[in-house]
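Asker: As a plain string of letters, each chain reads:
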Amino acid sequence: MPNALPSRDREGVGILNFSWATACKIAWRESRSSSFKFLFVILAVAVGVGSLTGVRGFSRAFHEMLLSQARTLMAADLSLRVFELPTPQQDSALAALSRLGVDRTWITETVTMASASVEKPPMLVSVKAVDPKKYPFYGEIRLSPPAPLSRALTADTVAVSDDVLLRLNLKVGDSIRLGGQPFRIVGEVTYEPDRMLGTLNVGPRVMMTRDGLDRAGLILPGSRAAERFLFRLSPNSPGIEPVRERLKATFPDALIADFRESHPLVTQALNRATTFLSLVSLITLIIGAIGVGTAMRAHIQQRMDSIAIMKCIGARSSHVMRIYLLQTIALGLAGGLVGVAFGLVVQRVFPSFLARYFELEPTAHWDFVTAAQGIGIAVLASLLFTLPPLIGIRRIRPSLILRREMEETKPDWPTRFAEARASLLAGATILIGFAGIAMSFATGTPRDIWRTGEYFAGALVISFTALSAVAWLMLRVLKIASRGKLPASVRHGISNLYRPGAHAQSVLVALGVGVMFTLTIYLVQHGMIAEMNRSSPPGMPNVFLIDIAPKDRDAVLDLVKQQRGVEGAPEVIGTVAAKISSVDGQPVDQMNLKGFARRYRSPRSVTSAAAMPDYVDLVRGRWWDSASGAPQVCVDEDAAKILHIQPGSEMRWAISGREVQTRVACVQSIDSVHLSSRVEFIFNTSALAGFPVIYYSSLRAQPSTVPALQEALYKRFPTVTVVNIADVLQIIQGVVDRISQVVRFISMFAILAGAVILSSSVAGTRFRRMREVVILKTLGATRWRVSRIFSVEFLVLGAVAGLMGSLLAGGFANLLLKRMLDAQTSIPVVPIAVSVVATAFIANAAGWMASFPILGQKPLEILREE
Amino acid sequence: MHATQCHNKKLEVHPPRSDLRAPAIQVSGLTKSIPTATHRVDILRGIDLEIQLGEFVAIMGPSGSGKSTLLGLLAGLDTPTSGQIILDGEDITGLDEDRMALLRGRKVGFVFQSYHLLPTLTAEENVLLPYELTGGNGSSGISDGPKRARELLESVGLLDRRDHYPVQLSGGEQQRVALARAFMVRPPILLADEPTGNLDTENGKHVLELLISLNLREGTTLVLVTHDEALSSRASRRITLRDGRIVSDERENAERATEPRP
Ligand SMILES: Nc1ncnc2c1ncn2[C@@H]1O[C@H](COP(=O)(O)OP(=O)(O)O)[C@@H](O)[C@H]1O
Ligand SMILES: [Mg+2]
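Listed in order, the protein sequences are those of chains A and B. Per this note's numbering, the very first residue in the first sequence carries number 1; after that it's consecutive. Per this note's numbering, the very first residue in the second sequence carries number 1; after that it's consecutive.
Since the hints were made in silico from the structure, they are not lab data. Note that the structure is predicted; figures quoted are calculated from it, not measured. Even glycine gets a Cβ: it sits at the ideal position worked out from N, Cα and C. Take the hints with a grain of salt, since some may be wrong.
With a cut-off of at most 30 Å between alpha-carbon atoms, the simulated DSSO-like pairs for lysine-lysine come out as follows [to be verified]:
hint, chain 1, residue 1, chain 2, residue 2
1, B, K205, A, K485
2, A, K248, A, K641
3, B, K205, A, K479
4, A, K715, A, K551
Computed far set for chain A versus chain B, every beta-carbon distance over 10 Å [stated by the list, open to error]:
hint, residue
5, R29
6, A726
7, A781
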């Protein structure tokens, strides 16, 4: 229709000086008139932002909590194992580090003989000399009777483990002789969280001061000692990585580990938890943004009439855009602020709940970065999602409101394409913006961050495209299906989905994406926990029996089986001491081996096996078909790397003075929980036949029953050494359990947040429904009737969105589990079914709750609003 | 409240007998006030009115005099502050929302100034809607709803547009669909609030002709709010409102007007 106003508009007579201030004023006035609707939008935005900041805040707090627990397993941030005492240059480098705020303590471990008195038989003990003023940097060493280590240990005292007392028949307060010197036993070590770290931790423990060590004269040139330095970083010192780099440069041959590597299980669990937590953060970001986006979109759509009127009275598109841009920013900002406050409240309130039910105690703290991110995302998401409709303002004809008339035909394809181009552009902007935000969340190398952005954008594009396509198809199918004979309200409900102006497609996509990501969190969580349990099964051994003579083997096993508290059958392997002579013709003595790798120059314990045990992971090559035949060996992955061994390599061995030639059949890796993982070379059975064998056994016992087992074994088989790691294992299991609890909790929280946001996006259709409710009522529909129509609509909407979302989630979660977490994958039938039902239910409940208040309203009030 | 509910039940069981017909609309002492932030707006200040079955009443009055409010109250779209309304023998004062909706479905057709078609339904489905909402053929006495809907669409000249959605129709066309919808279940009472107010003269005239002819054909009681003097002269009765009161109530010569329904 011809527009009477544009000429005036062009000449600028209509609104001459349309400043931002004016736009601001108009935007404010408009929001005042329908404050309830605006409040609704703000709340919807707040829910999105609140969940986002809540989840992120929790993630951070949990992560810190887990890291601090992991530190106690090392008693430090970093550990440096050296094979020679530091040179003067190295000493000065260490001193330079301590000036930067990196505290350091020196630990020496060695093995020696201890006895109760000169005439009594001695036993082998592993000594750990520490500086009790500093050690441990994290966690604590517990003694019985209780006393702080720093006070108990002096140059004349030692603390020992229970097996020392048992074997030497001593009690606390008695004297023990080490290196010919007497020491008073001040207590029994009951808890030493970093015990696993030492390499000479096999024997019973004696802990003493460095002065004591010197007095006993245990360290002589050439004696077998392990020197370690522990480091603690202060808040203003350089971070772990730079310190590590400096240490690496100063001690090129040393073994350096940080607290995340105290135990393989802990390392793996921590890495997974870290990946998972950042994944959840990203996903809540999407879900939160969808919440914000749908709220703002619904809001702008309702403003279309106002926009048309403004254009009628001479506002230019740019003016209108200005007004709504300001309004959008204001709403985003307000929602963001409320949301951040909400997120903070959640973080304050939840810890007490957590402490009670989850035994987790994260320290919630005011995190400015998260808050700023939350608000930023609220504004950005609002802007990004309102951009397409705002671009559309240009196309709104003023006639829309004046004559309530619309074009009868759809625009032709070129026009539609031109219009779509603007929207596509806006879509691309949205995508890039969000990938950017996602990358700002990610940690790691630039490549990792980049990959995060790619994954994120990829997942978004795929899910949105797939969902839009399926939504479109679905609506077609529904349209055809609803032609059949159906009850009137069912037909009406279904047709509400595909009619023009029904927005079902956008709600469907929003809902579907929400379901997809929420379910992805659940599935990844589930897969991860299953994987964690698989690699740390509850039956993991916690007691090791070392040096069992072949003649005692069966008797020892029988005795163990009769003991109370032993769970399951003990694992036994027979080992043979074998020294590598050469690999592919190159003698080991001529290889350039550094630090810990020099171990290959000494005899190693090797074992044999016929069939491949099920816990062996073949990395390369093939296991032998029959155990007899020519000698073959399967080599551990790390050893293979150090010694440059491939399947097909030739290895020469010296075993009990005999020369053995083997072909390498395969390279394997064994989960560190198995006894065989401590043996790096597995031969076929015939290769080791006839050599002297020493047996090792591992078993699982209830920690409280281990002392009794130790005593019984000692009485009958004094030569068998019992290594009890039950307490340490308990600590490790504790950390791993805690990690899985965190993962469970966070995913539960994120799923809850997802459900709330999904509800709010359905509830956002509320205002659209008002007029429909009123017209239906005017025509004689009861409230029950109206709600039945809506129920059908919401149920179908929810079920379809749930189905599409969960199918996508299945694929996506499998991809993530495989790529990022190395976990096993499967098709989650039950979770999919549950999500479909749950989404239908949530959509229905949310739609119902949102529509219910409208049902009771007097029609005339709403009709007057026209 | 209790009294009206009992009353209401009784009336549902005994529909008015045709030989002893109550007036179509009886209104007594009707007031409507709305408290606003600053003061109370008295929109209707005491209306007493009786409209017989089959009458064609035009309600006139300046803008803001309370015409729409009165019509809304008659249709039970809002509750009065005080007073009583009896529609076709049934007291609607104090009926709850659902009973009101059911009664409206059976007895009242409504045509709005701004059409109020459901944008999500086609023309035909919009017309059929009251029939479906009143439970199909059961209570409305119409055996073949879809057939009647098509007949009505034909009589407003839109049979060929029956699959179009409201956005695809012009204002005049939308209002003609709304007319067909209002007559769908043969309600005894038809209320129309400035049905031509949004239309140009040409279209307005067309709609009005249709309204009057359909009304004659169906024998409905018609209450029509209008500013059109010429139109009001065709009514059997002209009521003028001002400031929420009836200031005049004139009848034409009764020859053509109050023919009772057959
Ligand atoms: N919800 C309301 N709040 C305040 N004033 C109202 C409301 N509804 C109607 N009015 C006032 O009541 C008067 C009558 O309105 P209305 O019945 O629409 O008049 P008419 O249809 O005759 O033009 C008007 O002055 C209007 O401002
Ligand atoms: Mg009016």
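Asker: Next step is simple, just say for each hint if it's right about the structure.
Answerer: Against the structure, the hints:
1. B:K205 / A:K485: Not satisfied, since the Cα-Cα distance of roughly 39 Å exceeds 30 Å.
2. A:K248 / A:K641: Distance ~20 Å between K248 (chain A) and K641 (chain A) Cα, so the pair holds.
3. B:K205 / A:K479: 37 Å, violated
4. A:K715 / A:K551: 17 Å, holds
5. R29: 16 Å, holds
6. A726: A726 (chain A) is indeed farther than 10 Å from all Cβ atoms of chain B, at 69 Å.
7. A781: Violated, because the least Cβ-Cβ distance between A781 (chain A) and chain B comes to about 5 Å, which does not exceed 10 Å.
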